[in-house]
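Which chain is which? The protein sequence lines are V and S, in order.
Sequence positions in the first sequence follow UniProt numbering and run 1 to 333.
Sequence positions in the second sequence follow UniProt numbering and run 1 to 667.
Since the hints were derived computationally from the structure, they do not count as laboratory data.
The structure presented is a predicted model; accordingly, all values stated were derived computationally and were not measured.
Be careful, since some hints might not be right.
[Unchecked claim] Cβ pair distances, simulated, as ranges:
| id | chain 1 | residue 1 | chain 2 | residue 2 | range |
| --- | --- | --- | --- | --- | --- |
| 1 | V | 134 | S | 346 | 26 to 34 Å |
| 2 | S | 147 | V | 14 | 34 to 42 Å |
| 3 | S | 147 | V | 13 | 36 to 44 Å |
| 4 | V | 114 | S | 161 | 51 to 59 Å |
| 5 | S | 478 | V | 65 | 27 to 35 Å |
| 6 | S | 652 | V | 233 | 26 to 34 Å |
Just so it is clear, CB atoms sit at the ideal spot from N, CA and C, and this is done for glycine as well.
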Amino acid sequence: MSELRFDGVRVRFGTGRSGMVAVDGVDLVVPSGQVVGLVGESGSGKSTLARAAVGLAPVSDGRITLDGVALSHGGRGRSERPVQMVFQDPYSSLDPRMTIGDSVAEAIPRRALRGSAARRAEVVRLLDLVGLEAGRADAYPGQLSGGQRQRVALARALAGRPEVIIADEITSALDVSIQGTVLNLVRDLQRQLNLSMLFISHNLAVVRYVSDVIAVMYLGRIVEHGPAEDVLGSPRHPYTRDLLAAAPDADVDNLTRIESDPVLRAIADAEPADPHHPPAGCRYHPRCPVGPLVLPERSDCLTVEPGMDHPNHAACHYATEMLTARGLGDPRL
Amino acid sequence: MQVFTGVERPEGLSRWRAGGGRKWAAGLGRWGQALRSPLGATAATLLGLVLLLAILGPILWGDRADAIDTSSLSQGSSSAHWLGTDSLGRDIFYRVLVATRLSVALALLATAIGVATGVLLGAAPWLLGRRVGRFAVATINVAVAFPALLLVLFFAVIFGVGIRGAVLAVGLGMAPYYARVTSTLVAGVSGRDYIAAARIAGLGRMRILLRHILPNIGEPLIVNATLGAGGALLAFAGLSFLGLGVQAPSYDWGLLLNEGLNGIYVSPAGALAPGVTIVLAGLAFNLAGEVVAKKVGLRTANVRTASAYGPVPAAAVDEARPASDKDTAPVLAVEDLHVTVTGPAGPVTPVRGVSFTIGRGEAVGLVGESGSGKSLTALAVAQLIEAPGRVDARRLEFQGTDLLHTRGRAKGIGRLLGTSLGVVFQDPTTSLNPTMRIGRQLGEVVRRHLGKSRGEARARAVDRLRAARVPAPERRAHQYPHEFSGGMRQRAMIAMAMMGDPALIVADEPTTALDVTVQRQVLRLLEEIRAQKQVAVLLISHDITVVGQVCDRVMVMYAGRVVEDLPSSELRTEARHPYTRALLAAVPGMAADRDRPLTIIPGRPVDPAHFPPGCAFADRCPLADDHCRAAHPPLATDGAGRRVACWHAGEPLPVVTEDNVGVGEAS
Chain V
1 MSELRFDGVR VRFGTGRSGM VAVDGVDLVV PSGQVVGLVG ESGSGKSTLA
51 RAAVGLAPVS DGRITLDGVA LSHGGRGRSE RPVQMVFQDP YSSLDPRMTI
101 GDSVAEAIPR RALRGSAARR AEVVRLLDLV GLEAGRADAY PGQLSGGQRQ
151 RVALARALAG RPEVIIADEI TSALDVSIQG TVLNLVRDLQ RQLNLSMLFI
201 SHNLAVVRYV SDVIAVMYLG RIVEHGPAED VLGSPRHPYT RDLLAAAPDA
251 DVDNLTRIES DPVLRAIADA EPADPHHPPA GCRYHPRCPV GPLVLPERSD
301 CLTVEPGMDH PNHAACHYAT EMLTARGLGD PRL
Chain S
1 MQVFTGVERP EGLSRWRAGG GRKWAAGLGR WGQALRSPLG ATAATLLGLV
51 LLLAILGPIL WGDRADAIDT SSLSQGSSSA HWLGTDSLGR DIFYRVLVAT
101 RLSVALALLA TAIGVATGVL LGAAPWLLGR RVGRFAVATI NVAVAFPALL
151 LVLFFAVIFG VGIRGAVLAV GLGMAPYYAR VTSTLVAGVS GRDYIAAARI
201 AGLGRMRILL RHILPNIGEP LIVNATLGAG GALLAFAGLS FLGLGVQAPS
251 YDWGLLLNEG LNGIYVSPAG ALAPGVTIVL AGLAFNLAGE VVAKKVGLRT
301 ANVRTASAYG PVPAAAVDEA RPASDKDTAP VLAVEDLHVT VTGPAGPVTP
351 VRGVSFTIGR GEAVGLVGES GSGKSLTALA VAQLIEAPGR VDARRLEFQG
401 TDLLHTRGRA KGIGRLLGTS LGVVFQDPTT SLNPTMRIGR QLGEVVRRHL
451 GKSRGEARAR AVDRLRAARV PAPERRAHQY PHEFSGGMRQ RAMIAMAMMG
501 DPALIVADEP TTALDVTVQR QVLRLLEEIR AQKQVAVLLI SHDITVVGQV
551 CDRVMVMYAG RVVEDLPSSE LRTEARHPYT RALLAAVPGM AADRDRPLTI
601 IPGRPVDPAH FPPGCAFADR CPLADDHCRA AHPPLATDGA GRRVACWHAG
651 EPLPVVTEDN VGVGEAS
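Next comes chain V alone, as it looks inside the complex (with noise of 0.2 Å):
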């Protein structure tokens, strides 16, 4: 059992005027063994959401538990850390001075294996674990490539003999030839040694490939959370219908459709919105296709924030509408 859960998480940067709410009440189940995708577009607090799980982000409200237990991240020593996490750039999350074998060995609990032999060995075992030769240990990161570095990082996040592992895009900095290699170990992985896992990224595909569940965060807030066959079969949110039409393989009708409105164009074009500032109401409405900027009568989308307490977990007040609509062949939906 190991389930990673965050309740009402609130993470603030800044005070007063200039401060900036990243992250705004999030609930957020991770359950145990499970993979949960993360999607949103950047400025939407994903990555802080996941900073903050590891403390490397302050929390400001609400809490993070795993299995119950408010996770500490302060105090010296090295106790254990259940939580690990693999960053998005593999050419900056390794120190560049250091031998990949003790970049490893240093994220070994120091309670958990004693004397130099049997970290040694610890070290090769978890090299392995991520398909890479013993030989390797010696090796400076600057002697490796993306995918291979991104490698050694997973094994790092593994010394520390995690119950959660958050990958905070991990594949976007790698070519798409090598991105399939990392997607796969971590499929590999999670499964061999049933990890749960919180899995972020922009991309749509990657995610469906590894998540279980899907989160879709917008401005700080979730708005749509689900199975991953339901949230990306049947979109209940506008926000995450957006982002699937988006996808680089999607239906290119789409984008004509969207071309022959003024209207549409005018908000497809809009800028998104500035998290300094989010908008009253629903947060998305300034962005919304089937919002009060192209359906006058749905004003309460400018005044009433809706939440995620809806059945169709997705924080959106004509959520249902839209799935009967979607059903009749509304050209707008």
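Chain V is fixed; fit chain S onto it per the hints.
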């Protein structure tokens, strides 16, 4: 004094490197090269001489320098005493030589104290956490505001006259400077992900400082310390000269200078000699510091410096050219293009023999992995490869004008490129000048190239911003780049590329840094511009699906060559090169089977320093045979104009997954 803060990731070049051994050899070669340069040779000789004197001086001439000769007091230069004698009849020449040890040793000691104190102070903000750290930073900033010499004098008075006091004074006087440098360097490194990773692993701050931060800021610190040693030498000589430093009977250059000055009318050489040595020794340290800084700086520079040059914006059409010529001729014709750049171990040629043409209003995509040479090809077309990089081609024509052989007459070419070629780079944050309003930045182009007035330029900039679908363009033109979001900045870049009616826009990974929803907006914008204005587009991307969506034609590059060129409508069905097909298969689609491993391309891209003799893709190709490894396949054109370079073009592929190749990339 030059502040050197080059801690940019030193592995920036390393995507080009393969083996550790070669890296070492390159490192030694680099320093050897530095020593052979005039500056390096001078610095090394001077520094060697000073250090040698410091070591040997007192051993060889210590007795003679201290020998008191009452028969020749305060004499001028003579054959017995080259530089004359002092008031006790001691030989000044030998005294100057012997004084080297004390002068240099004290300077180095003071520098060591300064650097050590500075590093401690500078690292304090990191060790003490945010709140106390802020106070430490403020203290350092206040201390830096005092002139160093003032601090030195202040400390010298406090610690009292004498060697110990002077060393402490000079050391502490230098400390604020090093504290500032250290805190800046620490702040730069502590943002790195590997520091975050170490924190997550539960390492204490002290341990992270010692193991991760200090090794990574060591290089620039040492450079600054070497430069600082020269300053310390001068400061020390100054203190001794004022009588605050070394006291008789010990003596250093400053004291000798002081003594010599008393008799300057009798024996000018006695004052001149210590003065000259102080200058020479100071010079030795500073030059050595410069050489080290230069070498370290070079190493940390990124290979893709070319993309740091600003955009080449387009302005108005070139009116001189007859219209008929422009309509039929290709906008861009490239034949057998080679680009050579400096690698870590000598020159490499990552682009070797690329040929293509782009017709008017045509959108062509250039796809490949990192290191395939696609970006260098684009930069070569835009004439952005700077020396020592070299561009060779049999033909490189833009709008019918030869770009290669008219390079000397830069003015005409500059105007042609400036007026009809637009470039959009991957990172809009670095390609716009952050201190200039968007409107002025765009307008500058037409003002410089076409001599438009400020008002006309501004009107045009607003018009182009509107065309690039920037909302409220009048207001936006007044804003600075940081007030734009990433997608808006990229639109501003596109607007800048369209300041006139360009014939070609080169877009190098224009959407890689953007979110998917914004990516769609930017691609649609490029598509519209092309359709409305008949502008040709060369779109470079690592994502074959993006290119396939936008372009008429897709060229796939591998290891510096075009391996396939086909209409994008046929990409999914008619691709014949195994690499193209592998690239297509490697993109996980929304329909990928979640229970099966993703298709991968085994192996890794070829190092441009070691291209194999045969097909460069052979090692990663499921169809490769001995012929492929021996002979390079030519780029053959078929009847429909499609091109492919493969001995086995179009043959059915076995399915490649990790199951049947092992862990491809890792081995």
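Now for the hints, and whether the structure bears them out:
1. V:134 with S:346: 26 to 34 Å: holds (33 Å)
2. S:147 with V:14: 34 to 42 Å: Given range 34 to 42 Å: holds, Cβ gap about 35 Å.
3. S:147 with V:13: 36 to 44 Å: holds (37 Å)
4. V:114 with S:161: 51 to 59 Å: For residue 161 (chain S) against residue 114 (chain V), whose Cβ atoms are near 56 Å apart, the range 51 to 59 Å holds.
5. S:478 with V:65: 27 to 35 Å: Since the Cβ atoms of residue 478 (chain S) and residue 65 (chain V) sit about 49 Å apart, the hinted range of 27 to 35 Å is violated.
6. S:652 with V:233: 26 to 34 Å: The hint (26 to 34 Å, Cβ to Cβ) holds, given that residue 652 (chain S) and residue 233 (chain V) are roughly 33 Å apart.
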